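Numbering (this note's numbering) for the sequence shown: 13 to 215.
If you're looking for bench data, these hints aren't it; they were derived computationally from the structure.
Keep in mind the model is a prediction, meaning the values are calculated, not measured.
Check the hints yourself; a few may be wrong.
Computed Cβ-Cβ distance ranges for the label pairs, DEER-style [as the list claims (entries may be wrong)]: (1) L36 x N147: 36 to 46 angstroms; (2) P42 x T80: 44 to 54 angstroms; (3) P42 x Q207: 44 to 54 angstroms; (4) G82 x F17: 46 to 56 angstroms; (5) V154 x T80: 42 to 52 angstroms.
Note that the Cβ used here is the ideal one computed from N, Cα and C, for glycine as well.
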Amino acid sequence: METYFVLRMVIAAGALILPATLLLWVALDPGVSMMGSLSAFYYSPARSLFVGILVAIGVALVAYRGYTGGENALLNGAGILTIVVAWVPTGDSSLPGLTVAGVVHAAAAVGFFVLAALSIFFYGQETLGSLPDPNLRRRYRVAYRVLAVLVVAFPAAAVLVAWVVGPSVALFAGEAAALSAFAAFWLVKTYELSQSHAELRIV
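Work out the full structure, taking the sequences as your base and the hints as a guide.
Quick look at the structure:
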């Protein structure tokens, strides 16, 4: 269905474009410094870009109808948490101590990556039964499971590096890599559905 194709492209494009456009903004605008995380750009002139792209991804995730009820619930949850990440700012690094907003933001960000990974790992393969070739099904299944692991492994590794070596761009890099893995899933899923035609049977 064309609507679902558009939603998948919004999710994938948004996940790829967000870190890339922020880096481009930093490169072209001397008034914008490189931040340690994607969320830190909330406190820069790029705030509208950061919020707008995340909200678009969140709305698309909520609007997308999963192949099963379980997938639907995880995607809805991930979409809502994405919007929370966009609208509830991370803690301002220039101010000491934790804030309620900062804690909510961090919890929502962690929750998004976890729910996204779970939806890929457990439900990405739901449509593979429509593919006649068992070897092809196996390759897709392996690809989806690898991408699911990467969605949580990249940011987790980045947090660990930041904790060990102190503030750096590691968190930004980890978040960008995780979003790339998330986008890759949606692009691969789109191609898989073009082969299996399972989308036509979503009810």
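So which of those numbered hints doesn't the model satisfy? Result: hints 4, 5 break, sorted rising.
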